[in-house]
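Number of protein chains: 2
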Amino acid sequence: MSDWFDADGPVESVNIGDRGFQYGDGLFETIAIRDGQPRLWNYHMDRMTLGCERLALARPAEADLRAGVTSALQRSGFCKDACVVKLVVTAGGGARGYGRAPVDEPSVYFGVSAATLPGKESWRDGIETLLCATRLAAPSATAGLKTLNRLEQVLARSELAGTGIFEGLTMDAEGEVICGTMSNLFVVHDGKLRTPSLARCGVEGVMRRHVITSLAEQGIRTDIRSITLADMNNSDEIFICNSQFGMLPVRRCMDRLWPVGRVTREIMAVLADSGIAECRW
Amino acid sequence: MSDWFDADGPVESVNIGDRGFQYGDGLFETIAIRDGQPRLWNYHMDRMTLGCERLALARPAEADLRAGVTSALQRSGFCKDACVVKLVVTAGGGARGYGRAPVDEPSVYFGVSAATLPGKESWRDGIETLLCATRLAAPSATAGLKTLNRLEQVLARSELAGTGIFEGLTMDAEGEVICGTMSNLFVVHDGKLRTPSLARCGVEGVMRRHVITSLAEQGIRTDIRSITLADMNNSDEIFICNSQFGMLPVRRCMDRLWPVGRVTREIMAVLADSGIAECRW
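Protein chains in written order, with my numbering: chain A, 1 to 281; chain B, 1001 to 1281.
Only chain A is shown next, with the shape it has when bound in the complex:
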C-alpha cells in the first residue's frame, strides 16, 4: 500500500468531484527513488510537461513538484530506502460534463510505496512474458502519455493473474507489438536494435528514452518503427525496460524462447554504467 500526500501533508482521500475520479482527467509518473533521490527526474518532468500541454493543464512548477516529492519521502519514512513515488496531477474539481476550460491549478498528489523488484535471477536469466488478448486501440489521442485512463492496462495485466508470468506484451489491432503492460520493448535482430514506434498508442517510458539516449552516446543507434509479432519472433534477443527495474532480458513469450544474448548483456552494462544500478546483476 501507499502513503499519500499533497503539498500540505498526508491525504487519504480526494474530492469525489475531482475530474481525475470522474473521467480519468489527469496524468501520473511513477518515479524510482534511489539513495533518496528521484531517478530520471528530467525525463519524468518532460513527459509530464507534454501531457499537461496535451490535456490543457498548467504544468505545476517543477520546484513545487520536487519539493513535494522530498516532503512526501520525509513524511513517509521511506526516504533512505529504494522506493517509488507516484506523482498524480489531475484537472481537479469542476462542473459536471466532459468539456472544460484549461486548468490553471491542477491538483497534485504524491504516493510513496516500497519498491517491488523481481529477484536477482531475473536480470541473469531473463523473465517470461505472455501475449495479451487485450489489444491497444489506435490512434489514441493520448498516445505516448501516462494518463489516468488505464483500463487497457488493467485488463491486459489482469490476464496474467495466477500465471506467475512477469509481464504481458500488448499489440494493436494490426498485430504490431507496442509495449508491455508496465514496460517498453526492444528487439535485437542481426545485431541491430529496434523499439516500437509509440506514435499511435502505448506509453513512452522514461527508461525507454534513457536506453535510447545512453546508447546513442555510445554511438549505438536504436531504430524506432513498427514491430510485428513476426518481427519479434524472428528477432535474436528481446528485452523490456521500465523506470523501476531498469531493463530485463525476456527469455520467453508464449512458445518462443530466447537466450539472454550478447547485445542485451552489453546494453545492460551501458545502463549500469549510466547509474541504473539494478542492471549490474
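Worth flagging that the hints you see were computed from the coordinates, not collected in a lab. Everything numeric in this text was worked out from a predicted model, so none of it was measured. Ideal Cβ positions, reconstructed from N, Cα and C, are used throughout, including at glycine. Treat the hints with care, as some may be off.
[As the list claims (entries may be wrong)] Only some residues are given here: those of chain A computed to face chain B with a beta carbon under 8 Å: (1) W4; (2) S13; (3) G20; (4) F21; (5) R100; (6) L131; (7) R135; (8) S140; (9) E152; (10) L155; (11) R157; (12) A173; (13) G175; (14) M182.
[What the hints assert, rightly or not] Derived Cβ-Cβ restraints for the label pairs, each shown as a range: (15) D104/A with A1058/B: 34 to 42 Å; (16) N42/A with L1257/B: 50 to 58 Å; (17) A1058/B with G97/A: 25 to 33 Å; (18) D1046/B with E174/A: 25 to 33 Å.
Based on these hints, arrange chain B on the given structure of chain A.
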C-alpha cells in the same frame, strides 16, 4: 454541482487509493430522473451488467442500486424535479499495480444534480454540431461501455469551448462517424434510418437502444453499420439522442446544413408517445 451519496449517506470524497481514481477502473450511468423515477432503468442496468462482466466486477444487486438512487434523491431534495443521477461503480481499493483479481464488492456512488436541458427551440429548430479533431481510437477493449476512462470525450468536448455549439461529433481514424461526445447519432437517407455500429469504439447509449427498440415496435428498422463522413453529409436528415434530452434534430455540422425533416419529426413523435416527454416539443 452534484450532491454525492453512497449507501450509507452523503459522501464528499473517495479514498485516494480507489482504482476509479488511480486507473479509471470503473463504470458509470447517467440516469434521467423524471417524476421522481429513473427513466430507462432496465437499459441502464443492462449496460452496467455488461460493463461489470467485461471489467470483472460483481454487478451490485439491482435492488441495492435502485434503493441507492431513491435514497440519494430523497436526501438531495431533488426528488420532485427533473434531475440526473450519476451512478458510479468502481473496483474500489486494492494493491498498487494495474492487474487485479475480480472484484466481489465494487464501490458504488450516487451523484444527484439538476437537469441541464437546452431551450425548447432546440427540439423545434435543431441544434448545431461540429466535427471534432479528436478521433476515437479503435478497436477499443471497452467499446460500447461507459467506463471512467473518458479522456477522449474530455478532449473532444473541450473543442467546443466558447463556440456556443451544442455537440461535437467524433470520428475514428478511418473517417467513420461514431457518435457525439455525449450522444449517439442517427442519419436518414432515402427514408431509411441508420446509426453507426459501435462494435469498435463509442458508447452504446440507452436512448439509442430505446430509439431502435421503439421504432422496431412500429415496424421501422434501423440499419446499424458504419457511416462515413461522406455518408453523413449525403444524408437527408440527421439527429442525435441521449438519456437526458431524448432526441434532437441536427441542423448543422460545419458547413453542411440540414432541414428538420419529416422522418425526424415522426421519430420524435414515436419517442414522445413512448414516454420521452422532452420530444413533445
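These are the hints, each one checked on the structure:
1. Proximity of W4/A to chain B holds as hinted, the smallest CB-CB distance being about 5 Å (cut-off 8 Å).
2. Restraint check, S13/A versus chain B: the minimum CB separation of about 4 Å is within 8 Å; hint holds.
3. Because the closest C-beta pair between G20/A and chain B is about 6 Å apart, less than 8 Å, the hint holds.
4. For F21/A, the interface hint holds, the least distance from its beta-carbon to any beta-carbon of chain B being 5 Å, beneath 8 Å.
5. Residue-level restraint check for R100/A holds (minimum Cβ-Cβ distance to chain B is 6 Å; threshold 8 Å).
6. Evaluation of the L131/A hint against chain B yields a violated restraint, the C-beta minimum of about 15 Å exceeding 8 Å.
7. Taking 8 Å as the C-beta contact cut-off toward chain B, the hint placing R135/A at the interface holds, the least distance being around 7 Å.
8. Below 8 Å, beta-carbon pairs count as interface contacts, and S140/A has one with chain B at about 4 Å; its hint therefore holds.
9. The interface hint given for E152/A holds, since its Cβ lies 5 Å from the closest Cβ of chain B, which is under the 8 Å cut-off.
10. Nearest Cβ of chain B to the Cβ of L155/A: about 5 Å, under the 8 Å cut. The hint holds.
11. A distance limit of 8 Å between C-beta atoms decides the matter here; for R157/A the minimum to chain B is near 4 Å, and the interface restraint holds.
12. Evaluation of the A173/A hint against chain B yields a held restraint, the C-beta minimum of about 5 Å falling below 8 Å.
13. Interface restraint check for G175/A: the shortest CB-CB distance to chain B comes to about 12 Å, outside 8 Å, so the restraint is violated.
14. Annotation: M182/A was flagged as interfacial toward chain B, and the flag holds, the nearest CB pair being 7 Å apart, inside 8 Å.
15. The given range of 34 to 42 Å is respected by D104/A and A1058/B, whose C-beta atoms sit roughly 40 Å from each other.
16. Between N42/A and L1257/B the beta carbon distance is about 51 Å. The supplied range of 50 to 58 Å therefore holds.
17. A1058/B and G97/A have their C-beta atoms about 30 Å apart, which keeps the hinted 25 to 33 Å range intact.
18. Checked against the hint of 25 to 33 Å, the pair D1046/B and E174/A passes, with Cβ atoms roughly 32 Å apart.
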